[in-house]
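S.K.: Sequence:
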Amino acid sequence: AFTFDLTQRVAETYLNNMPDLLGMVHGYAPAFTFASGGRDGRTPLLSFDYYLDPAPPPEQAAADLQELRAINLRAGAAPYYCLVHVREWSNITRVEQVLDGLDSDFFEVVPLDTFLAMARAKPTFETHFAPPYNSTQE
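In terms of our numbering, the sequence shown has 132 at position 82, counting the first letter as 1, and numbering is strictly consecutive.
Check each hint, because a few of them may be wrong.
To be verified - Label-pair distances were calculated between CB atoms; the ranges are:
{"hint": "1", "residue 1": "P106", "residue 2": "L133", "range": "17 to 23 Å"}
{"hint": "2", "residue 1": "G91", "residue 2": "Q147", "range": "35 to 41 Å"}
{"hint": "3", "residue 1": "N67", "residue 2": "Y101", "range": "26 to 32 Å"}
{"hint": "4", "residue 1": "L123", "residue 2": "V160", "range": "15 to 21 Å"}
{"hint": "5", "residue 1": "D150", "residue 2": "T63", "range": "21 to 27 Å"}
{"hint": "6", "residue 1": "P182", "residue 2": "A105", "range": "32 to 38 Å"}
{"hint": "7", "residue 1": "A105", "residue 2": "R59", "range": "32 to 38 Å"}
{"hint": "8", "residue 1": "P182", "residue 2": "L72", "range": "26 to 32 Å"}
{"hint": "9", "residue 1": "L72", "residue 2": "L123", "range": "22 to 28 Å"}
{"hint": "10", "residue 1": "A120", "residue 2": "K172", "range": "27 to 33 Å"}
{"hint": "11", "residue 1": "P182", "residue 2": "T143", "range": "40 to 46 Å"}
Everything labelled a hint here was simulated from the structure, so no lab data went into it. In this text the structure is predicted, and so the values were computed from the model without any measurement. Note that CB positions come from ideal geometry on N, CA and C, so glycine has one too.
Let the hints inform the model, and build the full structure from the sequences given.
M.R.: Right under this line is the structure:
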């Protein structure tokens, strides 16, 4: 089955060969690759958890993010780091409307370098890779 996830070999190649890397973000398409690696074993590689679709109203997007938070907290991911993929057809007003629908006691918007530093300091994500690629598979 086709997947956009990275294999462990590919992820480790990236992380181990970029020593000054703060972290990596993966996922132009749906992916679920999460890992810590690199030379110190702590550099985060994270996939986007949420795609901000332009169709649903901002209230629905905010509700989706609240639900993702609840699911991850029940699974023991505290704090929960949520990368949101915002495409070019979303505008600042729409993004602000989504953010206004979130509880500021539980959600914080931070720059990517800060986000990666937080995920590095306290990784709460489960490691996940694509299965190793087998060239005999179709």
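S.K.: Decide, hint by hint, whether the structure agrees.
M.R.: Do the hints match the structure? See the list:
1. P106 to L133: 17 to 23 Å: 19 Å, holds
2. G91 to Q147: 35 to 41 Å: Taking Cβ atoms as reference, G91 and Q147 lie about 40 Å apart, which means the hint holds.
3. N67 to Y101: 26 to 32 Å: Holds: the Cβ-Cβ distance is about 29 Å, inside 26 to 32 Å.
4. L123 to V160: 15 to 21 Å: 19 Å, holds
5. D150 to T63: 21 to 27 Å: At roughly 41 Å between Cβ atoms, T63 and D150 fall outside 21 to 27 Å, so the hint is violated.
6. P182 to A105: 32 to 38 Å: Because 36 Å falls inside the window, the suggested range holds.
7. A105 to R59: 32 to 38 Å: 37 Å, holds
8. P182 to L72: 26 to 32 Å: 27 Å, holds
9. L72 to L123: 22 to 28 Å: 25 Å, holds
10. A120 to K172: 27 to 33 Å: At roughly 19 Å between Cβ atoms, K172 and A120 fall outside 27 to 33 Å, so the hint is violated.
11. P182 to T143: 40 to 46 Å: 45 Å, holds
Checked against the numbered hints given earlier, this structure breaks hints 5 and 10; the rest are met.
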